[in-house]
Each structure stands twice: as structure tokens, then as C-alpha cells.
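Novice: Take the given structure of chain A and dock chains B and C to it, following the hints.
Protein chains in written order, with our numbering: chain A, 1 to 393; chain B, 394 to 507; chain C, 508 to 741.
These aren't lab readings, by the way, just hints derived from the structure by calculation.
Don't take each hint at face value.
[To be verified] Calculated pairs, DMTMM-like style, for lysine to aspartate or glutamate (alpha carbon to alpha carbon, straight line, at most 25 angstroms): (1) C:K541 with C:E714; (2) B:K409 with A:E256; (3) B:K444 with B:E403; (4) A:K155 with B:E464; (5) B:K444 with C:E695; (6) B:K485 with B:E434; (7) A:K185 with C:E698; (8) B:K483 with A:E161; (9) A:K371 with A:E233; (10) C:K694 with C:E704; (11) A:K185 with C:D729; (12) B:K422 with A:E132; (13) B:K397 with A:E132; (14) A:K172 with C:E698; (15) B:K485 with A:E161; (16) B:K490 with A:E256; (17) B:K490 with A:D206; (18) B:K397 with A:E256; (19) B:K485 with B:E403; (20) A:K198 with B:D477; (21) A:K198 with C:E698; (22) B:K444 with A:E189; (23) A:K282 with A:E3; (24) B:K444 with C:E671; (25) B:K414 with A:E233; (26) B:K444 with C:E675; (27) B:K483 with A:D259; (28) B:K444 with C:E728; (29) B:K397 with B:D425; (30) B:K444 with A:E233; (31) A:K172 with C:D729.
[As the list claims (entries may be wrong)] Not close to chain A: a few residues of chain C, all C-beta gaps over 10 angstroms, as computed: (32) N535; (33) T540; (34) E551; (35) S580; (36) T586; (37) H591; (38) H638; (39) P711; (40) E714.
C-beta: ideal position from N, C-alpha, C; glycine also.
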Amino acid sequence: MREVAIIGVGLGSRWGRFDGSLIEMMAEASLDAITDAGTDEIDAVFVANMGAGRINNQTALASALIDYLNLFPAVGASIENGPASGGTAARIGYMAIASGIHDCVMVTGGEKMRVAPAPVVTDFIATMSHPEAEYIYGITFPSLGAMLARIYFNKYGVTSEDLARIAIKNHKNGLMNPHAHIQQKITMEGILTSREAKLNNPMIADPLHLYDVCPVTDGAASIIMCSLEKAKEISGKRLIKFTGTGQGMDTMAVHEREDPTFLKAVKDASDQALVMAGLKRKDINFAEIHNAFEILEIAELESAGFYERGKAHLAIRKGETEINGRFPVNPSGGLKARGHPVGATGVAQLCELVWQLRGEAGERQIPNNPKHAYAINFGGFGNNVVATILSKT
Amino acid sequence: MAEKVPIGYECLNCGKIHYPKHGRCLQCKHQDFKNVTLPSEGTLITYTILKAPPTGIDRSSLLLGIIDLGEVRYTGQLEVEPNDIRLGMKLKAVWKKVREINGKPVSGFVWFPL
Amino acid sequence: MSIDEEMLRPPQNKINPENTPYPSKYINLADGTKMVVRQITRDEVKHVIPLFYDIVKLTDYQYYDLVGARILSELLAYTNYRVHDEYVILGQDGNTGEVLGLVNSRLTVNPKIGMSLHTMTFKRGLRVGAHLFVAKMENHFLLGNKEVYIVAESPIGFQRWMEELRLEPRPEIEHELGGVPSYCLTKENWEGYVVPERLFGERPVPENLLENCKRKILIPEDVIFQITGKKKEE
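One chain only, chain A, in its complex shape (with noise of 0.2 angstroms):
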């Protein structure tokens, strides 16, 4: 198999609420990407989304985004794998080119969901739970993310006041990343310790609070990958390789699984991809981890092996996943301030993972020059999880 760099990267306008058509949010985070990769020959183009067809009428996304951006003559596929379609993707594209299929792949994922009211997108998202098991019931994602929230409260001593400390980091994060569509300070006062804090941050799923759970967002990002070979050729960036890629599953009612706060899928593909890194979890300098609701940041930490079970939230406690803390996680404010607009999420994760291996994230930059990097995106709850490792040539 061929080794595959990533040349180029872009997300587009601050994330948040987008006035055009989905197309345009799409072709904008590309343009980013192929000036970035400073090439626009491209060989095909996969496009990541989940819900367009549901809820912006709109399908055969790929088809779209070749014609409007005039790659012709790439070929094009779209991914859909719930809110995993981004990393997904990206690995299906790696496995392109490492194959000799192709030797350019963009990879673009959007969603622009602020077109429907909350109670809409809310239930659109559902629909990845079991048909008859839990969505007819009116389980919700952030009611799964609550009752897991609860196991881990009563197992591991986790608190309200750990997840509003993840908050408050990834917040502080988002704030210097300007693509981040929430830019907000927030205080364990103003979120949780003072009485008015029941108003600011009113309960959504109980024990989950309004700031344990990530936004509605319109966003796109884009990322250029290419043979290692071709890549020496035609970049002037320093090279990013994609070292590692796994894929896990698991039931798809939450019920079903012998441990709910044991994310299998994660481990599985956490595995995968560091055996194929040639890593060991030490050497990975930080993590984007697929934060839609805080308690995610612990499950998947534990569930990766970074941390031992219910101990994650005990370094979170000593900042050990601050940006200057010994495992960073999540630079970019994670899905919590950057958002979560579900195709692009996994694809943003591996700008965000480029942009600090290259050295670029500016004010948001790990310091000591970050090798390995590592990112988990979750789809469904937790029953199809994509692990990706990139690392600096």
C-alpha cells in the first residue's frame, strides 16, 4: 500500500449560521483547501453528510460540488455514516489512494442544519437510534449522552461541576480559534456554582446542562490528500502523514451493551489505528476527541486507552488536557465551541490535527512540537466510530 499525506486543509468562514446553500458552504471550505494544497488536480471528491436529503432537500451532494467547482473531471461519491460521515470519509479516501485507485482525493464534509427549529433538527438526529427500541420512544441524543452522564456519576464520582470544568476549557479554546462558531467565555460561577446559574445554564437532559452540549451549527471543512510520493513533488508545506486509520462498531441500542459506559467501538478502532501507526498511546501528543456532549470527552478518553476507566475526569481535574497540560484534548473547542455541524465534524477534527502538526494553529498552538496526533469520530451513539492518527514526516 502507498503512504498517503495530507496537503491541504480549510474550513471556511467562521462556523455558525451560513446564508447560502449548502453547495456554497462546501466549495467555500474547498477553495480553502485546494489554495492550501496549492493544486487543484483532483481525482475524485468525497463528500461527507448526513441529513441534506432530510432536511435541505438536497442529495448527490459530490455530483453538486464537482459541477459547481468545476473539478471535472474528478469522480465523486457521498458518505453517509450518521455523525461519523466526516472521518469516514477521510478514511475511505486514504484508502484510495494507499490502494492506486487514485492519486488526489479532496474530502469535504458539510451540514447546514440551522434551516429547521431546534425540536426538528433535534428529531432528525434521532433517527439513528433504533427504530423501535428507543426513537419511538423519544430518545433524543442528548437523553442518551444523560443517561450515560448518570452511570458515570454513580460509578466513577464524576460531577456536574467535571463537565462544566471540560466546558469551560473547551470554551476557553474556542475563543482562539476563529473558525469556532461559539467565541464565549464561561465561568464555573456564571455556569453552575452561583443561583442564577439555573437560568444561564438550565438543565436540557438531566444531569446534562444547556453548556454540556454542543450547538447547532452550520459549517463545512475540506481537507487535500495525495500520495506521500506525489506530495513531495508538488507541496511546499511540511508534510502531514496519515499514519493510522480504524473503524469500530457496536450495538445499536445503547441498551444492548454489556457496559453502557464501555464505548467498545472506540477501543476497537482506537486499536486499529495506533497498531497500524506502529504506536503506542504514550506517543500521541493530543487528541480531538468528538465531544457532543461532555461526558463524551471522559467515555472516549477511557474507551481509547488514554486514561484508565473512571480515572479520566481526575487529570481533567489537574488540567492535564488543557492546551499546556501534559494531553491536550480538543485545541480547536472541540464540537462543544467549533460546533457540530454532524458531516463536517470529523473532517474539521483533521484540519485541526494538520494545523497544529504543521505548527499554524496560531494562539491555540500545543506547545513543544507535537509528533503524533489522534482523532475519534463517533457516529451514532457510539455503534460506528472512526479513529484517524496523523503524524508529522
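Specialist: Chains B and C only, in chain A's frame:
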């Protein structure tokens, strides 16, 4: 008509009981199952009070939980006084309307205190 | 007959003849800001008025032009003594004096009934409006109103007040904002739901915070950006 009770799907090869239904056994991949009656009483292992229910649920707050029936677990709605909810409490299943989907009523199990 | 200024002015405030101001308080916002909530004087209102000349130009954005124009007229009426027993409460950043939001109301349709006018927030996403609206209601009930009539001009206002505060419809009452059917916050709902769930703030306000706010009513630098997230078009 007999009262509706929770149903599981027992693999005719290895005996594993499933809920919900699968086309092949999660343990041995066998394809034949028989319906078995599950206990209609169980233990609450986690829950949430959802303040933002999705479309089709005409309430401002909805109680959801996972109930352990011994061999399998069920996810469902709870009808318990919010102040009385606690992990480990015993609940009993009652079949009733749980939601409207595309304007049509849908029924399922709602769990009441024993 | 010569027209005397006094003939143009409304009569003295019915239930608050001494015009005792709303007791100031401060509220912790999510971002750590200590928001001082206080009633401002006619002279202070004059400092805030120019803000609304900008806001009325904000067309096609959640009715800001309409609400801005109505607030502007209400504030002008207040400073010129052409409205009966209006009061204006500001939310200000206790450190900088920056105006975060404004609410106004009229105390009396009659001594038992108040008429809520407007709520506008200049810094969004921090529940400034939710806190200020409740402060304005607090003043109505502190001064002896038994109920307050309320209408919304925007969908977000309807959601915030009518739905979240569980207001009662009073379709037979034409609100003075355009004669639209009113909703009502009753004393019972106020005491039973709003006070325990929605009314926050500490008193007294630390002297330095109050001084900062009185010394400088800082108008937000780019109010259009604050409201819409978009830069003003040149």
C-alpha cells in the same frame, strides 16, 4: 385480550435472548428465534428527565430510562414522580401510547413504580 | 388660550408618586460578567437614545427595526414628559458600564394593572433579556401591581415570555402596543413559578460596580455586530 407484556427473542440454537430483534443471533449468528415472554417488572439502571422532547411528544418534559429485566434490558418512558426517581427502583411495564410519528399514534411500554 | 407645558404633561405617577427607583441588583452571567440591573433617570436615558437611531436601520432582522423604533419613541416620550409613569431599567457590565440590555414598562393602566413595553438585548447568548424581563416584572409587583399585560412582536419574544413564563392569554384586552390581544402575568404565577425559578440577583450592589455604571453608560461599540454577528455594511 390479554395485557401486552415485554417480549424477547430467544435464539433456537444457543438460547441467547435478545431485545430488540436481530436477523442473526448476536452470539452464534443462528437465524431462528422464538418469542419469549419477559418479566414485566425490572430495575431502573439509568434515567434522564428530558427538557426538550422531540416532535410528536406533547409535553415539556419527558422521563426516559433503561430498565434491567434480568436477561435483557429495555429502554422506555417512565411515569414516576420526578422527586421519587432513584437508581435501582423497581418498575412495572404498561402498554400505552408513547408518541405520534407522522401524525399517527404509536404505542410502547411505559414503566410505572411497582 | 396659551398652551402651558404643564397641560401637555401626564399626571403624576399613580402608585409611585415619589418615583422611587427599582432597587438595584447584580446578576452573574455565564461569562463571568457581573451585570448591574438598575433603573435609570431621564438624564441617563438621553445617553442611551442614540443607540436606537442605529437599531431602527436594522431591517429584516427579527423585527429589530420595529422594536427599535417603538423603544425610541417611548424613550423620547419619557425624556420629554409625554408618557405616564414609564420606567427604564438597564443591564450594564459592572466593570465597564457597557449597556447589555434595556427594558421599559408602564406602571399603571390602573393601580392594579401594569403594561409591559419592551425588552432589547445588545449582547446575545448570555440570557441578558431573560434576566432583565424578570427584573422589570419584579418592579411591577414590588410597586403593587396585581397583573401585567404583555405582548410580543417577534417569535423569539413569544417563545421567551408567553411560553417560557407560562403567561395566560387575555384576548379581550387590547395591548397599547398596537391593540394586539394581550397575555398576562398574574401575581399568582409570579409568586408560584417566576420568583422561585426565574428571579435572580443579589443586593446590595457593591459600591464600585454601581459607581462604574453611573459614571459611564458605555454604548456598545458595534451594536449591529453584537446583535446579528455581522459587520455593518458600509
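Novice: Could you run down the list of hints and mark each one as holding or not?
Specialist: Now the hints, each set against the structure:
1. C:K541 with C:E714: 13 angstroms, holds
2. B:K409 with A:E256: 12 angstroms, holds
3. B:K444 with B:E403: 36 angstroms, violated
4. A:K155 with B:E464: Distance ~21 angstroms between K155 of chain A and E464 of chain B Cα, so the pair holds.
5. B:K444 with C:E695: 24 angstroms, holds
6. B:K485 with B:E434: 4 angstroms, holds
7. A:K185 with C:E698: Violated: K185 of chain A and E698 of chain C sit about 33 angstroms apart, past 25 angstroms.
8. B:K483 with A:E161: 30 angstroms, violated
9. A:K371 with A:E233: The hint holds at about 22 angstroms.
10. C:K694 with C:E704: 15 angstroms, holds
11. A:K185 with C:D729: 19 angstroms, holds
12. B:K422 with A:E132: Holds: K422 of chain B and E132 of chain A sit about 21 angstroms apart, inside 25 angstroms.
13. B:K397 with A:E132: 16 angstroms, holds
14. A:K172 with C:E698: Judged against 25 angstroms, a Cα distance of about 38 angstroms means the pair is violated.
15. B:K485 with A:E161: 34 angstroms, violated
16. B:K490 with A:E256: 24 angstroms, holds
17. B:K490 with A:D206: 24 angstroms, holds
18. B:K397 with A:E256: Distance of about 22 angstroms is within 25 angstroms: holds.
19. B:K485 with B:E403: Cα-Cα ~22 angstroms, so holds.
20. A:K198 with B:D477: Answer holds: K198 of chain A to D477 of chain B is near 21 angstroms, not above 25 angstroms.
21. A:K198 with C:E698: 17 angstroms, holds
22. B:K444 with A:E189: Within the cut-off at roughly 23 angstroms; holds.
23. A:K282 with A:E3: 23 angstroms, holds
24. B:K444 with C:E671: 12 angstroms, holds
25. B:K414 with A:E233: 54 angstroms, violated
26. B:K444 with C:E675: Roughly 21 angstroms between the alpha carbons, so the hint for K444 of chain B and E675 of chain C holds.
27. B:K483 with A:D259: 20 angstroms, holds
28. B:K444 with C:E728: 36 angstroms, violated
29. B:K397 with B:D425: 23 angstroms, holds
30. B:K444 with A:E233: Violated: K444 of chain B and E233 of chain A sit about 55 angstroms apart, past 25 angstroms.
31. A:K172 with C:D729: Measuring from Cα to Cα gives roughly 23 angstroms; hence the hint holds.
32. N535: 4 angstroms, violated
33. T540: With a cut-off of 10 angstroms, T540 of chain C comes too close to chain A, as the shortest Cβ separation is near 8 angstroms.
34. E551: 25 angstroms, holds
35. S580: 30 angstroms, holds
36. T586: Holds, because the least Cβ-Cβ distance between T586 of chain C and chain A comes to about 31 angstroms, which exceeds 10 angstroms.
37. H591: Holds, because the least Cβ-Cβ distance between H591 of chain C and chain A comes to about 32 angstroms, which exceeds 10 angstroms.
38. H638: For H638 of chain C, whose nearest Cβ neighbour in chain A is about 7 angstroms away, the distance does not exceed 10 angstroms, so it is violated.
39. P711: P711 of chain C clear of chain A: closest Cβ-Cβ about 16 angstroms, beyond 10 angstroms.
40. E714: About 20 angstroms separates E714 of chain C from the closest Cβ of chain A, which puts it past 10 angstroms; holds.
When held up to the earlier numbered hints, the structure conflicts with 3, 7, 8, 14, 15, 25, 28, 30, 32, 33 and 38 and fits the remainder.
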